[in-house]
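Visitor: Read off the chains here:
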Amino acid sequence: MSEMTGLKRTPLYDFHVEQGGKMVPFAGYDMPVQYPLGVMKEHLHTRAEAGLFDVSHMGQVMLTSPEGIEALGLALETLAPVDVLAVKPGRQRYGVFTNDAGGILDDLMISNTGDALFLVVNAACKQQDIAHLITHLPGHVTVTEITNRALLALQGPKAEAVLAQIVPQVAEMRFMDSLRIAVGGSEWWISRSGYTGEDGFEISVPAGEAVDFAKTLVAMDAVELIGLGARDSLRLEAGLCLYGHDIDSTTSPVEGNIAWAMQKTRRSGGARAGGFPGADRILSELHNGAERKRVGLLPQGRAPMREGTPLFATSESADQIGVITSGGFGPSVERPIAMGYLPAEFTKIGTEIYAELRGKRLPVTVADMPFRPSTYKR
Amino acid sequence: MALETKFTEEHEWLRIEDDLVVVGITEHAATQLGDVVFIELPDEGTVVSKDDEVVVIESVKAASDILAPLDGEIVEVNEALANDPGKVNEDPLGDAWFFKMKIEDLSELDDYMSEAEYKTYIG
Numbered sequence: 001m002s003e004m005t006g007l008k009r010t011p012l013y014d015f016h017v018e019q020g021g022k023m024v025p026f027a028g029y030d031m032p033v034q035y036p037l038g039v040m041k042e043h044l045h046t047r048a049e050a051g052l053f054d055v056s057h058m059g060q061v062m063l064t065s066p067e068g069i070e071a072l073g074l075a076l077e078t079l080a081p082v083d084v085l086a087v088k089p090g091r092q093r094y095g096v097f098t099n100d101a102g103g104i105l106d107d108l109m110i111s112n113t114g115d116a117l118f119l120v121v122n123a124a125c126k127q128q129d130i131a132h133l134i135t136h137l138p139g140h141v142t143v144t145e146i147t148n149r150a151l152l153a154l155q156g157p158k159a160e161a162v163l164a165q166i167v168p169q170v171a172e173m174r175f176m177d178s179l180r181i182a183v184g185g186s187e188w189w190i191s192r193s194g195y196t197g198e199d200g201f202e203i204s205v206p207a208g209e210a211v212d213f214a215k216t217l218v219a220m221d222a223v224e225l226i227g228l229g230a231r232d233s234l235r236l237e238a239g240l241c242l243y244g245h246d247i248d249s250t251t252s253p254v255e256g257n258i259a260w261a262m263q264k265t266r267r268s269g270g271a272r273a274g275g276f277p278g279a280d281r282i283l284s285e286l287h288n289g290a291e292r293k294r295v296g297l298l299p300q301g302r303a304p305m306r307e308g309t310p311l312f313a314t315s316e317s318a319d320q321i322g323v324i325t326s327g328g329f330g331p332s333v334e335r336p337i338a339m340g341y342l343p344a345e346f347t348k349i350g351t352e353i354y355a356e357l358r359g360k361r362l363p364v365t366v367a368d369m370p371f372r373p374s375t376y377k378r
Numbered sequence: 001m002a003l004e005t006k007f008t009e010e011h012e013w014l015r016i017e018d019d020l021v022v023v024g025i026t027e028h029a030a031t032q033l034g035d036v037v038f039i040e041l042p043d044e045g046t047v048v049s050k051d052d053e054v055v056v057i058e059s060v061k062a063a064s065d066i067l068a069p070l071d072g073e074i075v076e077v078n079e080a081l082a083n084d085p086g087k088v089n090e091d092p093l094g095d096a097w098f099f100k101m102k103i104e105d106l107s108e109l110d111d112y113m114s115e116a117e118y119k120t121y122i123g
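Those protein sequences? They're chains A and B, same order as listed.
Take the first sequence: its position 290, counting from 1, is numbered 290 in full-length UniProt numbering, and each next residue is one higher.
Take the second sequence: its position 114, counting from 1, is numbered 114 in full-length UniProt numbering, and each next residue is one higher.
Everything hinted at is true.
Distance condition first, Cα-Cα at most 20 Å in a straight line; then the derived EDC-like pairs of lysine to aspartate or glutamate: (1) A:Lys-41 - A:Glu-334; (2) A:Lys-22 - B:Glu-27; (3) A:Lys-41 - B:Glu-27; (4) A:Lys-360 - B:Glu-53; (5) A:Lys-41 - B:Glu-90; (6) A:Lys-41 - B:Asp-84; (7) B:Lys-50 - B:Asp-65; (8) A:Lys-360 - B:Asp-43; (9) A:Lys-41 - A:Asp-221; (10) A:Lys-8 - A:Glu-18; (11) A:Lys-360 - B:Asp-52; (12) A:Lys-41 - B:Asp-91.
By construction, these hints were calculated from the structure, which means they are not laboratory data.
It should be emphasised that the depicted structure is a prediction, and the values quoted were computed from it without experimental measurement.
With the hints as extra help, turn the sequences into a complete structure.
Guide: What follows is the structure, given as C-alpha cells:
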C-alpha cells in the first residue's frame, strides 16, 4: 500500500507506471485507466488483436473442505442460485451471491479445480464477500483469500495464438474451461473467459512472475496494454453487467436480466430448487416476471447517455420510469450505447422511450444485447 | 488590445480574428479528455455570460463542458466539428475551434494567461 494515497497496488503497479499508465483510484487500488494509446485505440485493438489487462485487484478466493468437492458445491449453493454441483472439474461458471431480499451481493466466477472451488469476485466486494462466506458457509469449509497471485486477462481474437506461445496447452481449451497448468516450475491457473465479449483468457500467476509474464506479452506485436476505460467500454458493448452500477444489492437476478445464470436445478421443480438467500422473491419472479428489468438502450442521436440519466415514457410525460445504469460511446459499434432499468411493459425490443439529457428529451430505443456479437470459443 | 493567443485556467485558448474572439481547447485539454466522440455546440446568436456552460464535449470516458470565457454573443459555431468530433484530438489549436464570440471590449482578454504563463500553469 502506498503511504501517500492509502491505495493498494497490484504486483504490476510499477510496470503500469513505466508503460505510461494513467493511474486512478479504483475499488481501493491505484489502477491504470488508460495507457498512451488511449481508450478508443485500446478498445479497438482488443477487438482486432489482443489486449492485456491487469485484473489483480479482483478477489481470488479458494474454498476447500476435508469433506470433498461435492460437499463444497452444496455449501456454496446455499449462498448462490447456481448449480455448482454441475460444474465439472476443469470447468467454470458465472453466478451471483444473493441476499435475503433477493438482491445481488456480488457476481463471480466459480471454477472446479478438482479438489477445491476457486472463486473470482469483484474488487470492491471482496472483503464483504469473504466475510459473508466465512459467516455463512458450514464449519467444514475453509475460505482462503489468495493474495500472493496476480490475475491478468488476455482478450481478443489473437489471445489464443499469443498465449499458446508461452503455454501451448491453452489452444485446446474452450470457453469456460479452467485449468491448472505447470509453467516453468510453478502452477498457473488459466480459464478461457473474460469480460470483453471476446475470446480470451484469465491467467492467475504467482505475484513474482507477473511482471516478466506481462513484459513477454507486450513485447509481442499483437499485444497492447489496456486500461480500465476500455475495459468498461468493451464490457458495455458485450452487454455485461458492472456490479454496483447495473446490478446491486437491490436488484434481483431476474430484474438484472441474468436469470440465465440460474440453472433449472435451482428453480421451482428442480432437484435442488431454492435454498439460497432471497429464494422466495427470486423464484416468484422467475415464474411471474419482475416488475422492472435491465435492458439494452440505443440513444437515437449522437449524444452519449451516461449512468444516472433519467428515462421517461414520452417526450412530455412527467413521471420518470427508469434510469440508465451504464452508458457511453461504443467504439466498435461507433455509436452511443447504454443499459438501464425499465418497467416490464417498456422492455420489449424496439420500444421507443425518452431520456432527459441537459434538460432535453431525446429518443432512445430498447435494444437487444450484446450490442456487438460476442466471439467466445465454445 | 490582445493580439497574441490567450489561455484560460479551464484550458481554453482565445484568439482574436476580425474583432471576434475564437475559442478552442488546448492540446493539453484534448490529451486529458482522450478521444472525443461527441460535441454539442450552442446556437448562433446565443447571448452568454462568463462561465456559462456553452459546449458539451464527450470522450469515450467522460463528459465535460466548455465555459464561456467572457460575456458576449456567440456569432458563429464550427458545425464541421460537430460532424467530426475527432478533430479536437487531431488539430485542437487549428481546425478544431468551437465558436466565435462578439464581446464588448477586446481588452478583457488581457486578464488571461500568455502562452508562457499557461505552460507554467500546466507544469
